[in-house]
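A.B. asks: The lines below spell out each chain.
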Amino acid sequence: MRPLRAPEVRHGEHGLRRDPAPSRLAFRIERLWLTPMFRVAMRVGVPVALCVVVVGGYLANEGRRAAIGESFAELRRSIEERPEFMVTLMAIDGASEPVAKAIRAMLPVTLPVSSFRLDLAALRATIEQIDAVASAELHVRKGGVLQITVVERQPAVLWRNATGLEMLDATGHRVATLLDRTARPDLPVIAGMGADDRVGEALEILRAARPIGDRIRGLVWMGERRWDIVLDRDQRILLPEEAPVPAVQRVIALDEAEDMFGRALVAVDMRNRNRPTVRLAAMGTETENLTGLETKVTGQ
Amino acid sequence: MTDLYQSQRAMRHMRRAAMQRGVVAILDVGTSKIACLVLRFENTEEAREDGLGSLAGQSQFRVIGAATTRSRGVRFGEVDAMAETERAIRTAVQAAQKMAQTRVDHVIACFSGARPRSYGLAGEIELADGQVSEQDVARVLAACDVPDFGQGREVLHAHPVNFAIDHRSGLRDPRGHVGNRLAADMHLLTIDTNAVQNLLYCIKRCDLEIAGLASSAYVSGLASLVEDEQELGAACIDMGGGATGLSIFIKKHMIFAESVRLGGDHVTSDISKGLQVPLATAERIKTIHGGVHATGMDDREMIEIGADCGDWEKDRRQVSRTELIGIMRPRVEEILEEVRAVLDAAGFDQLPSQQIVLTGGASQIPGLDMLAAKILGQNVRLGRPLRVQGLPQAATGAAFASTVGLCLFAAHPQDEWWDFEIPAERYPARSLRRAMKWFKDNW
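Protein chains in written order, with the numbering used here: chain X, 1 to 300; chain V, 1 to 443.
Derived by calculation from the structure, the hints in this document are not laboratory data.
None of the values given here were measured: they were computed from a predicted structure.
What you were told as hints is all true, and nothing was included just to trick you.
Capping the alpha-carbon separation at 20 angstroms, the derived lysine to any residue pairs in SDA-like fashion look like this: (1) Lys98/V - Leu32/X; (2) Lys204/V - Leu25/X; (3) Lys204/V - Arg15/V; (4) Lys98/V - Leu34/X; (5) Lys98/V - Arg43/X; (6) Lys204/V - Glu30/X; (7) Lys98/V - Arg28/X; (8) Lys98/V - Arg39/X; (9) Lys98/V - Ile29/X; (10) Lys204/V - Leu34/X; (11) Lys204/V - Leu32/X; (12) Lys204/V - Ser23/X; (13) Lys33/V - Pro20/X; (14) Lys98/V - Leu25/X; (15) Lys98/V - Ala26/X; (16) Lys204/V - Ile29/X; (17) Lys98/V - Glu30/X; (18) Lys204/V - Ala26/X; (19) Lys98/V - Pro22/X; (20) Lys204/V - Pro22/X; (21) Lys98/V - Met37/X.
Each pair of labels, with its calculated beta carbon distance range: (22) Pro20/X - Leu432/V: 53 to 63 angstroms; (23) Pro392/V - Arg43/X: 20 to 30 angstroms; (24) Lys204/V - Thr35/X: 14 to 24 angstroms; (25) Gly120/V - Thr35/X: 42 to 52 angstroms; (26) Arg9/V - Leu4/X: 36 to 46 angstroms.
Partial chain V-side listing against chain X, Cβ under 7 angstroms, derived: (27) Arg87; (28) Arg90; (29) Thr91; (30) Gln94; (31) Gln97; (32) Arg103.
Using N, Cα and C, we set each Cβ at its ideal position, and we do this for glycine too.
Could you build all of it, start to finish, from the sequences and the hints given here?
C.D. replies: What follows is the structure, given as structure tokens:
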């Protein structure tokens, strides 16, 4: 019988033809490799798994993660702090000196600062919190200038309340506190609780009463429902709750026709539209007393 | 019998699983070559009623891988050296897989040896309710009296060939017919168990599942007989390397198969002995210069035999083609005589048409058809297998008849006995017997 084992092939010997048959192992490996699932797993699954393992292994260390974060932050900062992006100046337009000072004091920005760090919307909200500012516009101008354009509120009346004297604009919004009435003699005075909500109405009444404007000391919001016009010489015009302006016009008409307020009367009561009533003053001393009382009310 | 029934059924299930996966390998284990094809089943369109379709029903599959290797360890179509055969199978399967770029797990194999023997079986039953149902077909097949084919034999094919109801015979499909008695003829092909076990073991060692087994005589008949030959009666003679398969077809059924244990390798060994040359040289001389009819011209045609022993006289030998033919012809005649004897024993001369088709690698000897006509009868032609999609040009020759036939077998197997359900009355009989046995054992 011929030897069962294959003849030993010596190195470099070409005479013997090699067995073309694959070994069982090679056969199995090739079959495994031709299995579609296995192929997909080897071509996609293994590289993906390898990448995950390598990256995961690298990032498993706390220090390395921190170093990567730091280098990113450093890169970000270096870009942000380039001179092209730095804001060095703040220009405020349209604001009076005290308002501008207040804005500078309020803004939580220390210049120079990178324009990436400026939250213009938040800054604008901060500026608009100031009562004297109606609206504000912010933008970063070329040359690193933070341009703030402010529209201030225009005071329309003075409102005397329990705490003191406030300046209000035409909508009744507070503008500033005034220490002294004489600082703004051009503005009319209103008084009474809740009068700040009715500034528009008060201004209308004042406009209607312009013919006797030089005699008006102010308006009083009575009982939170109606207006009184207080004149000098302790005279009052009591206006109705509804349609006060026609009532004022009627009083003005009476005054022009009859010189009503030149006479000795204390009050003109227009509350009942059908029955205007005039209260006459007593003689002499009583007029003095009334004057003292009225002075307290109007604050002068 | 039931074991075989079960194992064949298991193979059929395996085949169905392979169809579902869409890829199946065809393995033809021959004496001179082992061929492996990888088939892909694509559009599994519904088979038509007559079993035909576009391209005669072969458009279902496509050959996507093909490989051939020189066979080793196979003699007379049977496995001789298991390890060698296993290696050769591995070579072929791996190459075919590589070409197909896919993995195959199911294999349908055929072989030419293992001493096939044919039996004609007949069975008859009374029909209970007039009309024939599928259950009745199973019953009549089960009623066929199986001859005693001896120890160590196993059934490879069991084709129902003919059905008869009362006196009407020649029915192809008896279902739905009305009658009193149903009779069936069945063709049974048995083979040596040991030989087939060896082959199965070799295939198992290659991690492949068997999805079907066929006799190569049968499948080469499927591939190389045209339809009218199969219908009218013809014999296909598959002249392989170590064995010559022989199958007779009529009415599209195989009714006889046999194998003669002689083939082209014997011609080669005769040349080798006669001319004193190695087998490889003898094979080359046979394929290039061989023939079976000597003419005057052949006396002058000198063939360089050659050798490399160093002796000038021996290395410069020449032989005339006539001499070569003189060596080959007696052996070819012997093969054909053997075939003739088998055909006579099978009663081939009783068939209405006696067409003989020669195929297989050894049928390519020039002049063989004339010699066969003298021995076997006048109606002889050389057959080549059908063309199937994707088959490489190198595998379309006569040597690949059984390989191609196996493809057709894989795509459209004929109904065999085990494709019918086990008759219902067999179950209770067996369980009753088991119950009786239990009683006897325990009381």
